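Respectively, the protein sequence lines represent chains L and R.
In terms of this note's numbering, the first sequence is residues 1 to 190.
In terms of this note's numbering, the second sequence is residues 1 to 137.
Hints listed in this document are in silico derivations from the structure and should not be mistaken for laboratory results.
Check before you lean on any hint, since a few could be wrong.
Which residues of chain R face chain L? A few of them, derived with a C-beta cut under 10 Å, are [unchecked claim]:
id, residue
1, G11
2, R34
3, E49
4, C51
5, D82
6, S122
7, S136
The model shown is predicted, which means the values in this text are computed figures rather than measured ones.
All residues carry an ideal CB built from backbone N, CA and C; glycine is no exception.
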Amino acid sequence: MALDADEVAVREWATKEQLTMPVLVDKYHVVADLYGIVNVPAAVWVDENDRIVRPADSTPGSDLFRDFSNVDSEVHHNLLRKWVRSGERDLDDARVREFQVKPSPDVQLARLHRRIAIALRERDQDGDSLASREHLTRAEELAPLDWTIRRGNMPLVGVDPFGDEFFKFVGEWTNAGRPGFKLGTGRVKK
Amino acid sequence: MNQGRVVNQEGETTVVDVASNFGEFAVSLADFARATGWQLKPEGLCIDEICVPVREANRLTDGTSIDLVEFARVTKQNIVFDRQRQVAALGERADSRGDSMSSLLAPDFKLPDIHGRQVSFSDFNRRKRLLLAWSSW
């Protein structure tokens, strides 16, 4: 599931390899809201009885950005294999709740400003583009440390998500104590 | 009436008629039901089997349209709207979202896949599911 307003970019990525799982496009970040997802890539485990058995956490697919993330991606992969094969979980319900990232009132409002921005971008009548940017800016003011909003907005306003603006954001986020996912699966000391 | 849009909690966009002479962001009764899934009945505002009583009906409706701002207040939802661009978005408040997360019940959702087909999370129920969030950015 891609947290992405740009379905063309999603299709481009998702068709690079032959994938057997469904790839969904979540333009309005509905699933981010439902499951407390504040950055990508992230994973949530749901069992056969519709129970959340592992909360959203940063789970890179590989060690490509390990120097930046300090995450050993194999740790999550191994936990996942164990759960799929034997049903054995690494967290009980109390721990799942402890590590969920619940939204602040401002983050919830930021998500709605972002939704208005995306609806305006999709409609694209005279003046919609400018108004869309205003709502994206408002969303960033309300949720300055949420990656799905700050970094997710960058391509929507023509900013390089690996450029100066991104590193400025990373600086702000680091100074604020790197808030976000709490679980830290596979996090290693440098 | 002016044409506007409402994005609901499920991320569905509905084109609506926005009233010019009532409420902060009022839509016609028919559009209200289509956009939100809620209905105004004698017992109050209702969705599925749940009804919320309405104490000040004249703030909610003038008989032809329903003010979404008052609706959101009565049903304890968030609303953000752009009056000038005629777009409104409804969403869950932080406290109720926190409560639903704590229940550990995996909420269902429906989204288009990359081929435009609608897929529900519940299409895969009774199986273990890995919900993976990624992006192009």
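Taking the hints in turn, this is what the structure says about them:
1. Interface restraint check: G11 of chain R against chain L, minimum CB-CB distance 4 Å, threshold 10 Å, status holds.
2. Because the smallest distance between the Cβ of R34 of chain R and any Cβ of chain L comes to about 16 Å, over 10 Å, the interface hint for this residue is violated.
3. A hinted interface residue such as E49 of chain R counts as satisfied when its beta carbon comes closer than 10 Å to some beta carbon of chain L; here the least separation is about 20 Å, so the hint is violated.
4. Nearest Cβ of chain L to the Cβ of C51 of chain R: about 24 Å, over the 10 Å cut. The hint is violated.
5. Restraint check, D82 of chain R versus chain L: the minimum CB separation of about 6 Å is within 10 Å; hint holds.
6. For the restraint placing S122 of chain R at the interface with chain L, the shortest Cβ-Cβ distance is roughly 8 Å, inside the 10 Å limit, so the hint holds.
7. Because the beta carbon of S136 of chain R sits about 4 Å from the nearest beta carbon in chain L, less than 10 Å, this interface hint is met.
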